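Just need the whole structure built from these sequences, with the hints factored in.
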Amino acid sequence: MKRSAAEIVREYGPYPGVDAVHGVTYDGTHVWFASGDRLSAVDPASGKVARSIDVAAHAGTAFDGRHLFQIAEDRIQKIDAATGKVLGTIPAPGGGGDSGLAWAEGSLWVGQYRERKIHQVDPATGKVLRSIECKRFVTGVTWVDGELWHGTWEGEESDIRRIDPDNGKVLEQIDLPAGTMVTGLESDGADRFFCGGGERGNMRAVRRPRRA
Amino acid sequence: MESLITAAARALEAGDPLGALNRVALRNDAPSLALRGIAMAQLGDFAKAKRLLRSAARAFGPREAVARARCVVAEAEIALVLRDLKWPVKTLAAARATLQQHGDLANAAHAGHIEARRLLLVGRPDEAERTLAELDASPLPPASQAVRGLVVAGIAIRRLKAGDARAALDLATRAARQAQIPALVAEVDSAKLILDTPAARLIARGSEHPLLLGEIERLAISAALVVDTFHHVVRRQGVVASFGTRPVLFALARLLAEAWPAEVSREALISGAFRAKQADESHRARLRVEIGRLRTKLKPLADVSATKQGFVLAPRKTRDVLVLARPVEEKHATVLALLADGEPWSSSALAVALGTSARTVQRALDELARSNKVQSFGNGRARRWMIPPVPGFPTGLLLHGPLLKT
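Line by line, the protein sequences are chains A and E. Following the numbering used here, the numbering of the first sequence begins with 1 at its first residue and continues without gaps. Following the numbering used here, the numbering of the second sequence begins with 1001 at its first residue and continues without gaps.
Heads up, a few of these hints could be off.
Here's a subset of chain A near chain E, in silico, CB distances under 7 Å, partners left out [to be verified]:
1. I71
2. D74
3. P91
4. S99
5. R114
6. E115
7. G155
8. D164
9. D175
10. P177
11. G179
From the derived model, a few chain E residues whose C-beta atoms are all more than 12 Å from chain A [unchecked claim]:
12. R1027
13. D1029
14. A1067
15. R1158
16. A1224
17. I1291
18. D1303
19. K1373
20. R1383
If you're looking for bench data, these hints aren't it; they were derived computationally from the structure. Only a predicted model underlies this, so the values are computations on that prediction, with no experimental measurement involved. We put the beta carbon where it would ideally sit given N, CA and C, even for glycine.
Here it is, written out as structure tokens:
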């Protein structure tokens, strides 16, 4: 397993009126973050909030190219990114113990925090297709270049780790500085991760290690 | 962190404990137990709240030190509200250290405020102030600022500093409104009533009238000779004679001051200061000795002149003599003062707060109960004492806030 210290490229926020960031996603232009009763889109260049949608937003956030998916209480809402309208909901696999959310390969991937699991879910029905056992409490989840990454927060420590989607084995680990929390995770498709900073109400960009 | 926990914690913070319970009522994971505990406390079911918080602390893993510490702080606050003064303060101090160490400054401050409120309750304002000073001065959330304001005001009130108390309460009002926690706003409002309630009596030239806290403070700069029964001193502006360990001398000074400019007979001085029913020759001899000592102590402030019948006070550099006394001076005034917070107290908590034995407190309570000044409910160890309820008394419950955000 490769292990390294996180290189924090940039900090965003804290944003006024945001007491915690619960989920993060990226639509190719803006970084979206969930903060309880709102989704906000941030311009990653300026760090400014470009727009926001008032919607219950208690945990992970994902984007499928047209829709935002957002966990609220014990369900996953499908939201029209253009209008902000909630188009429908499916049950969340963790029944409310859900944390991170990602979209990839036609499925939703949902972290279940204290159960230390990631579930692959049918976005139409909410049916659990399979579950991956993880080693630590799971926060944010993201896929990039065929790699499954998730954030952890356990024992007051956070890291971002790449796991084998078949058996949950940890392949690579990026440690965040002590007391720095990862509460949402999204790749920009290139060499950056966007991470939610939890109670600090901020976000961070962390460099994704280069492939040899 | 977890979806439903976030939703429930948000409901709790918005003052909706039932909404929080709805979301986690059927869950038994550690954060749910903790949330249910706090919701139960806000709903007034303290016994259930304590049980839930304790099982939550057990259910959090050994590596979740911060979460455990937060449960300890919540339990300590419930103990404070229940006037369970025997609850281990060391446990709270350890939890505060853990929170501080992990950068959870808001909850560390909350823990410190609970410690300070307890110290205030047991009459140790200096230690309460030191505890506040130890806390990180970084910006606190509004609810914590409000509680801090209450503690600062409490310290100021016990030191008879009305201006400081008012300033602290004004700050607390603004912070409580900003926090939008109704219980907190109510607590601050009722604390303010203290400033408009007589805090002392002024006795001068044989007559007396009630004084507000602010008026007491202004007395400090008056040019009069003041016999101050709160601090057991006689003073004129900056000149102070302290009688802390000399109750008999102080009683004599007070008797002379209350009667001034008239004289006080030897018999009256003997019965008032020595608690002797009849003055015999040995009492007269003792009075002569004590008056001699009083003269020495009062030298820069006043003379004590002998008259035919007794003695008279002759103040120096002023034409005014005042006595500052507590609003109620009865035998068990200190017990009543503690019960005046409107909370049910156990006799053992009263004993801790007064620094006396449980037996002494019990005798005082029994006497007060006979004259209907206090009432009790419950039996055995669960027995609690209150003064008959007065509308508008604070509940004392300040459980709030950022306890469970992660």
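Hints, one by one, checked against the model:
1. Because the beta carbon of I71 of chain A sits about 5 Å from the nearest beta carbon in chain E, less than 7 Å, this interface hint is met.
2. The interface hint given for D74 of chain A holds, since its Cβ lies 6 Å from the closest Cβ of chain E, which is under the 7 Å cut-off.
3. Given hint, P91 of chain A at the interface with chain E, is violated; its Cβ is 12 Å from that chain's nearest Cβ, farther than 7 Å.
4. Taking 7 Å as the C-beta contact cut-off toward chain E, the hint placing S99 of chain A at the interface holds, the least distance being around 6 Å.
5. Interface hint status for R114 of chain A: upheld, as the beta-carbon distance to the closest one in chain E is roughly 6 Å, under 7 Å.
6. Interface restraint check: E115 of chain A against chain E, minimum CB-CB distance 9 Å, threshold 7 Å, status violated.
7. For the restraint placing G155 of chain A at the interface with chain E, the shortest Cβ-Cβ distance is roughly 3 Å, inside the 7 Å limit, so the hint holds.
8. Because the smallest distance between the Cβ of D164 of chain A and any Cβ of chain E comes to about 24 Å, over 7 Å, the interface hint for this residue is violated.
9. Checking D175 of chain A against chain E: minimum C-beta separation of about 15 Å lies over 7 Å; hint violated.
10. Because the beta carbon of P177 of chain A sits about 11 Å from the nearest beta carbon in chain E, more than 7 Å, this interface hint is broken.
11. Look at G179 of chain A: its Cβ gets to within about 5 Å of chain E, closer than 7 Å, so that hint holds up.
12. With 12 Å as the threshold on Cβ separation, the claim that R1027 of chain E sits away from chain A is violated: the shortest Cβ distance comes to roughly 7 Å.
13. Here D1029 of chain E does not stay apart from chain A, with its beta-carbon only about 6 Å from theirs, under the 12 Å limit.
14. Listed as outside the interface, A1067 of chain E is inconsistent with that label: its C-beta sits roughly 9 Å from the nearest C-beta of chain A, within the 12 Å cut-off.
15. No beta-carbon of chain A comes within 12 Å of the beta-carbon of R1158 of chain E; the shortest separation is about 35 Å.
16. With a cut of 12 Å on Cβ distances, A1224 of chain E stays outside the contact zone with chain A, its closest approach being about 54 Å.
17. With a minimum CB-CB distance of about 68 Å to chain A, I1291 of chain E clears the 12 Å threshold, and the non-interface call stands.
18. The non-interface label for D1303 of chain E is consistent with chain A: the shortest C-beta to C-beta separation is roughly 67 Å, beyond 12 Å.
19. For K1373 of chain E, the shortest C-beta to C-beta distance to chain A comes to about 47 Å, beyond the 12 Å cut-off, and the non-interface label holds.
20. Distance check on R1383 of chain E: its Cβ is at least 42 Å (rounded) from any Cβ of chain A, clearing the 12 Å threshold; non-interface status holds.
Hint compliance for this structure: hints 3, 6, 8, 9, 10, 12, 13 and 14 are not met, and every other hint is.
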